[in-house]
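Enquirer: Given these sequences and hints, build the entire structure.
There are 2 protein chains.
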Amino acid sequence: MGALDEGHLARELENLMNLELDLKDESEITVEIEDAVKVLLQGLGEDSNREGLKKTPHRVAKTLREGTRGYRQKVKDIVQGALFPEAGLDSGVGQAGGAGGIVVVRDLDLFSYCESCLLPFQVKCHVGYVPSRQRVLGLSKLSRVADVFAKRLQDPQHLADEVCSALHNGIKPAGVAVVLECWHIRFPEVGRSFLDHSHHTAKMGLQGWVRALVYSGSGVFENENGDVWGDFLALLKFKGVNVEKNHTLTTAKLCWCPSSSMDVPVSNGHVSTRNCCKVSSKTGPSQSAMIAAVAAILHSLGEDPLRKELVGTPHRFVQWLMNFKKCNFEIKLNGFNATKPNMHKENGNANCNQDKMQSELNIPFWSQCEHHLLPFHGVLHIGYFHASGDKPIERSILESVVHFYSCKLQVQERLTRQIAETVSSAFGVEVMVVVEANHICMISRGIEKVGSSTATIAVLGRFSTDPTAKAMFLQSVAEITASAE
Amino acid sequence: MGALDEGHLARELENLMNLELDLKDESEITVEIEDAVKVLLQGLGEDSNREGLKKTPHRVAKTLREGTRGYRQKVKDIVQGALFPEAGLDSGVGQAGGAGGIVVVRDLDLFSYCESCLLPFQVKCHVGYVPSRQRVLGLSKLSRVADVFAKRLQDPQHLADEVCSALHNGIKPAGVAVVLECWHIRFPEVGRSFLDHSHHTAKMGLQGWVRALVYSGSGVFENENGDVWGDFLALLKFKGVNVEKNHTLTTAKLCWCPSSSMDVPVSNGHVSTRNCCKVSSKTGPSQSAMIAAVAAILHSLGEDPLRKELVGTPHRFVQWLMNFKKCNFEIKLNGFNATKPNMHKENGNANCNQDKMQSELNIPFWSQCEHHLLPFHGVLHIGYFHASGDKPIERSILESVVHFYSCKLQVQERLTRQIAETVSSAFGVEVMVVVEANHICMISRGIEKVGSSTATIAVLGRFSTDPTAKAMFLQSVAEITASAE
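Which chain is which? The protein sequence lines are S and B, in order.
For the first sequence, position 21 (counting from the first letter as 1) is numbered 5 according to the working numbering, and the numbering increases by one without interruption.
For the second sequence, position 299 (counting from the first letter as 1) is numbered 283 according to the working numbering, and the numbering increases by one without interruption.
Calculated directly from the structure, the hints in this document are not laboratory data.
Not one of these hints is a red herring.
Which copy? The list can't say, so a pair holds if one copy fits it or any two copies do.
Straight-line alpha carbon distances no greater than 30 Å define the calculated DSS-like cross-link-like pairs of lysine-lysine that follow: (1) K156 / K46; (2) K135 / K39; (3) K58 / K135; (4) K156 / K38; (5) K38 / K58.
These numbers were taken from a predicted model, which means no experiment stands behind them.
Expert: As structure tokens, this is what we get:
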């Protein structure tokens, strides 16, 4: 496996770099990153002194340092003292224990940072090794070693190779195999809105994400068609992980990070009416400063911003951020005139029979958490009452409203309220909004609550006074959710 | 909510206790726990100097201190600086944002320690609150506050109440609601084997565990039948969590920790032939020392071993451990005479057509990880070839062998090998063993890899030389696993 030698070289370089960084104080590094984040916030048109953003530079610096702590960890420290003597079967009789019997740990949830765009990506890691020399490794160390390399800027194949070679060098077993399933957030193309691929992301969770499945093997796993790979893959199959090795590997290499499609600047800035957060196709002076700031962050993290794989990263990360540039454009509602509000504040139940409840469910959205500069995304459900004679509001109009309020630095609570208020005042309807989201800041960082999700509700007019109306809408959402499972 | 006042009292006592503990050095506390663990290992008949156990006292001390770090954390430190001003809707118009719109975070994976038996239990935590005073809390803080109380000795209801009251005091919202789903390992009764309820635990995962569903509410959630509970439960339903409040609360109170059934000593130590690890029904001198050692551990963790809920805990924990006492009894194989081995070492394929592959799948087991003194459990699959004329080995016999090797301090690699070796030599067959397990030491502790699972394989005779035989057996396991989903 070529990765073994490369891994060795990489580690030496890394140690040199760490030496340089060690000379810097941790708080000095944090301040460097904080300053760079302030430049990014300014570039986004934000006031970095407003309440929600005041501590964002500090939070981002802490998160990034923590999320790349792998640069400062050594595999040797982890493996040392966790290798246990374990008798194996007599050779010739069979394989088990400390000799030849495969050991597999499946479904380790990790997250890592994409070296191409600096966004986190999710990883499900499966590790196997075949012990030799009557020694086995404490099971948790397989996970801890994998995490050392996940907590760096990575690409899936490189991550798999590094974990594989580090374990091989650390345990000196008969062989190591690593299979990674990785999920990366989709990118909108420059000058195009998120909505253009919204149909792919209609369900919450990881559907619609870019998925890569990669593997790496050393020792007895170097032969991709060997029996021992068959054993490993059979054990993964027990857990529903189906690996078709050659096919998926190629796929991953070709189209992993969606930001790669953004590298060619768009010369004709054609912007659809839906696209509220128009991004300039040229890199203006403020974007140059932002790009330099991201390069400075890479340096502070102990990386070389001139490394081949990182050269375009600052540009790509800034392009991602610019999707969330603050904008105060008026929303153009395609010929929809805001009708006069017709709210039933005092007497919620009065017109129940005359008006009809309408709903638009599962409107997908992407947003950016203003506390951590990390994405959150999910679906919105909008219910409203309108007079029985009126035409329902077009879904595309509601999508535009959602898009306008999500494509900025946000918090979910505010997003929910703003959409409810806007729909209510623009169309004169009583409205209920339910937002269900996954926050990357809840799955990455120290907290790592992979399965968690957040729901928020806003109710206006009748929905806030009539529990039956609210319950009816929630029930309709539950039915859709259940049938989608 | 009565829990508010109790919570306050508990906190004051706790602060006093922390004061006392602060005077002790962390390393001093670690040494105290290590010494106590050595007593436990001796009581289990183990040599605490053997390789696999040498560092176990240190690992257990570290794990326990880390697992009860909540005693040394303050909610104020977490919430401080994470309350953000967020405008709400005008009162009278509706509810959202900083006023009245519910915020729910679902599916937070936590683990805690059972105060009744000192074993960890798994928690899925759902938290909701209704903001007031135009302030919202950073989402991750809901999880971090819950974790402060999870990382203590707990009972589910008490945990829910404490999280609820701490959040209420910390955020000062209109109300807080907490729903916890908790899973606790089953206990064998004294003098009875694990096998007696093995049919309940045949599938891996949390099936067959004791489950408790509890809830707690403050402020607007104090009224259990209020509309706001309806909203919260509707949002949980979206994620498949169905709460029938009154029913489940009662259930949890009656029969949560399975160790409670052990409190009455068994006077007639009736032991079935299956029961290899016979536990004395009386508490001998070595058990008294073990009980005192566990009480000392409780004290070292900052708890009062005389607190009502903890008085029986050392006894119960020791009873649990005694299931895994080292024993060198001969396995009685119920009239089965060990036949002469009839291994096909040299010519694996020769008798393929004459002999028939038999298999016993999904044999459940419980064991105790010798590195962390924490349970691991799962299912075993055994395949073997026997001459076409022979009777297949009875499943109950194989279960006895599994039971014998799992009921001790173990590592999964060794368990796999020992079972393969014993089946092979006792019955003269060529054998393959696959062990699939969940390790509590992989889901609790710092690593917290909730969904992970470990698989190991041992192959003897033909299975080690004939890839087709091995693949055939793995395929038969895969089919069973797939049909059980």
